[in-house]
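Trainee: Letter by letter, the chains look like this.
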Amino acid sequence: MENNFKHSQFAHCESGVISTLISSYGLKLSEPMAFGITSTLSFVFIPLVKINGMPLIAYRDLPKNIVKKISKVLNIKMNKKVYSNKEEANEELTSLVNDGNLVGLQTSVFYLPYFPKDMRFHFNAHNLLVYGKENNDYLISDPVFEEEVKCNENELNKARFAKGAFAPKGFIYYPDEIPKDIDFSSIIKKAIKKNAKSMLTPFPFAGVKGMNKLAKKISTLKRDNNDRFLKNYLTHIVRMQEEIGTGGGGFRFLYAAFLSESKQYNLDEKILDEASALLIKSGNTLREFALLCVTASKNLDKFDAKVIAKKLEEASSYEKEAFTLLKKI
Amino acid sequence: MKEIEVPKEENKTLDGMQKVMYTKDSQGDFITENYGSNIEEFATKTAVDEYELLKEEALLDMSKGISSPICFFMYENRMDLPTLASMVGMFAFRVKRHLKMKHFKKLNEKLLQKYADTFNISIDELRNFKYGK
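In order, the protein sequences belong to chains A and B.
Just so we're aligned, residue 1 is where the first sequence starts under the numbering used here, counting upward by one.
Just so we're aligned, residue 1 is where the second sequence starts under the numbering used here, counting upward by one.
By construction, these hints were calculated from the structure, which means they are not laboratory data.
Here a beta-carbon is modelled for each residue, glycine too, at the ideal position from N, C-alpha and C.
Hints may contain errors.
Stated by the list, open to error - For the chain A half of the interface with chain B, some residues (derived, Cβ under 10 Å), not all of them: (1) 8; (2) 110; (3) 112; (4) 146; (5) 236.
Construct all of the structure, not just a fragment, from the sequences and the given hints.
Mentor: Listed below in structure tokens is the structure:
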């Protein structure tokens, strides 16, 4: 397949890679669309699963969700492969890009030399695109960077075969066939309903209920000789939202953008507008929530668990309202 | 006030790079815009500082003969126990033993090599790592 690749910067790595990948092969797909039609907006709080001693908190669906679902939703044939052997993985990637393919990769952030030092943590679900190779350097379109970057093959290999949670195992993906006529109207309708269902799930650790669960947990936090833990806990929540997320209520704004873009596909405009506005409210509230968390950890004398918890509850109430509306679309 | 306010603050942890977020332009259409957030900066900095603290504590424990160099290098590489265990392909309880000096002293070459490879250092650097070097 011929591609007309052009690097762009995105808010989120996985939706960004998919957007560039699919658009380059002829089907124009914006980042909000890629995010929305795969029903990726989410909230998860699982205190039992620990990352660096901190509970798992996520503001979108599991990594790989977009890559997995996009082919199903759009009926695209996507080649996906994991490897057990580094050399083989490297050889195949080289021959794929030398043949002019664009290839999506899952990597660890820690081993990517072009990342700022303070950003390099063992986060294994970073997505990027490889579009070429010069000598031993891969030419990379990393969706969170303004410009294209380069990475030596040894270092990229390390990043592709990092171990730990969400270990990428050299995962690559690239589309094979992209259908011409796609019925976006029905795809979007289904995706929105599905996302509404998952956000309103009765399971107490996910969706709107999960947000309230975390709020409840925060409201029980006290200052008894654990200032260091408290500070780390509060900033951990913020990091999961801001840094691993996309800035403030980034995912909420991204979904609001998706709803707004969906208006051109014959769906109930009033519902889409109202829900989009509610998600913007939620995103703004989440940013205020993050600010409260950070202000409190800077000066724990002013820490007020109730106020912080209440902010999160406020955001969850907007999302509950938004998705109750969207369920009826 | 704009519907989505884009923060334009300094964020040193990004080393001059800028990320984007979605906002609305004056026509009410969604666009992406560069932002800088000092909330984000503080959260990232706290996580980085926490590893520095853990490293210092590891060094202190090393000087008392409690912790092993593996403990120091684990934090130096921003790993926690489950991550390191997964990297070296051992059970966490076994790695946890190796974080103690008395067990570390008895480790054979092969195991030391595994750790050294994971930390991207030589086996000598690991074995002879001294406090205050």
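Trainee: State for each hint whether it applies.
Mentor: Consistency of the hints with the structure:
{"no.": "1", "hint": "8", "verdict": "holds, 9 Å"}
{"no.": "2", "hint": "110", "verdict": "holds, 7 Å"}
{"no.": "3", "hint": "112", "verdict": "violated, 12 Å"}
{"no.": "4", "hint": "146", "verdict": "holds, 6 Å"}
{"no.": "5", "hint": "236", "verdict": "holds, 8 Å"}
Comparing the model with each numbered hint stated earlier shows that hint 3 is the single one that does not hold.
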